[in-house]
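Sequence order for the protein chains is R and F.
Residue numbering for the first sequence follows this note's numbering, beginning at 1197 and increasing consecutively.
Residue numbering for the second sequence follows this note's numbering, beginning at 1197 and increasing consecutively.
In short, the hints are calculated from the structure, not lab data.
Note that the Cβ used here is the ideal one computed from N, Cα and C, for glycine as well.
Treat the hints with care, as some may be off.
Estimated spans, in silico, between C-beta atoms of each pair [as the list claims (entries may be wrong)]:
| id | chain 1 | residue 1 | chain 2 | residue 2 | range |
| --- | --- | --- | --- | --- | --- |
| 1 | R | Gln-1225 | F | Val-1267 | 27 to 35 Å |
| 2 | F | Lys-1253 | R | Leu-1262 | 22 to 30 Å |
| 3 | F | Glu-1249 | R | Asp-1256 | 31 to 39 Å |
| 4 | F | Lys-1250 | R | Ala-1244 | 38 to 46 Å |
| 5 | R | Thr-1224 | F | Pro-1266 | 16 to 24 Å |
| 6 | F | Val-1267 | R | Ile-1217 | 35 to 43 Å |
| 7 | R | Lys-1207 | F | Asp-1208 | 28 to 36 Å |
| 8 | F | Pro-1213 | R | Gln-1214 | 14 to 22 Å |
| 9 | F | Asp-1208 | R | Asp-1274 | 33 to 41 Å |
| 10 | F | Lys-1250 | R | Thr-1247 | 15 to 23 Å |
| 11 | R | Glu-1277 | F | Gly-1245 | 36 to 44 Å |
2 protein chains.
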Amino acid sequence: MAVAKVYVTLKDGILDPQGQIIGKALKTQGYDNVSRVRVGKFIELDLAGETPEKLKKQVDKISHDLLSNPVIESYTFDIQEEA
Amino acid sequence: MAVAKVYVTLKDGILDPQGQIIGKALKTQGYDNVSRVRVGKFIELDLAGETPEKLKKQVDKISHDLLSNPVIESYTFDIQEEA
Chain R
1197 MAVAKVYVTL KDGILDPQGQ IIGKALKTQG YDNVSRVRVG KFIELDLAGE TPEKLKKQVD
1257 KISHDLLSNP VIESYTFDIQ EEA
Chain F
1197 MAVAKVYVTL KDGILDPQGQ IIGKALKTQG YDNVSRVRVG KFIELDLAGE TPEKLKKQVD
1257 KISHDLLSNP VIESYTFDIQ EEA
């Protein structure tokens, strides 16, 4: 079995209101050294079978088609084989 | 400057409706080898100054107090120093 971890983040230049709010909250709590906050999604998939190459292709397709909005978001992922 | 990446996930045993819906969507699209989907948050913080130990403490406190709900969520993070 393999576990794929997909990280979906807003592209640079896309407004991130949630991140801005967290940034403001941190400032009011005295964390003055935090200059920027960005919020994204983190998705874990448990996958069975397939070769590493096929898994990579599959997770890439799933991330692109279902887990992210390619217009405003980008994604990265890594796949870990588990016993 | 340092970049902290915080991963917030639901604790085991906590119902994840969003993950279940994605799992069902994947099944209807023919991805039968995906057995489990969990959705979490991914937060990136840009931090200035401080020693690595202080940064670690600070990010741990921020993650615990502000970025996660410790009752139902757990978090991990890693900090990368940048030039």
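Status of each hint after checking the structure:
1. For Gln-1225/R and Val-1267/F, the hinted distance range of 27 to 35 Å is not satisfied, since their beta carbons lie about 20 Å from each other.
2. For the pair Lys-1253/F and Leu-1262/R, the beta carbons lie near 38 Å from each other, so the given range of 22 to 30 Å is not met.
3. A hinted range of 31 to 39 Å holds for the C-beta pair Glu-1249/F and Asp-1256/R, which are about 38 Å apart.
4. Between Lys-1250/F and Ala-1244/R the beta carbon distance is about 43 Å. The supplied range of 38 to 46 Å therefore holds.
5. For the pair Thr-1224/R and Pro-1266/F, the beta carbons lie near 21 Å from each other, so the given range of 16 to 24 Å is met.
6. Range check, Val-1267/F to Ile-1217/R: Cβ separation about 21 Å, and the 35 to 43 Å hint is violated.
7. Range check, Lys-1207/R to Asp-1208/F: about 32 Å between beta-carbon atoms, so the 28 to 36 Å window is met.
8. Distance hint check: the CB atoms of Pro-1213/F and Gln-1214/R are about 20 Å apart, consistent with the given range 14 to 22 Å.
9. A hinted range of 33 to 41 Å for the beta carbons of Asp-1208/F and Asp-1274/R is inconsistent with their spacing of about 21 Å.
10. For Lys-1250/F paired with Thr-1247/R, a C-beta distance near 45 Å fails the hint of 15 to 23 Å.
11. Between Glu-1277/R and Gly-1245/F the CB atoms are about 39 Å apart, so this pair conforms to the stated range of 36 to 44 Å.
When each numbered hint is compared with the structure, violations occur for hints 1, 2, 6, 9 and 10.
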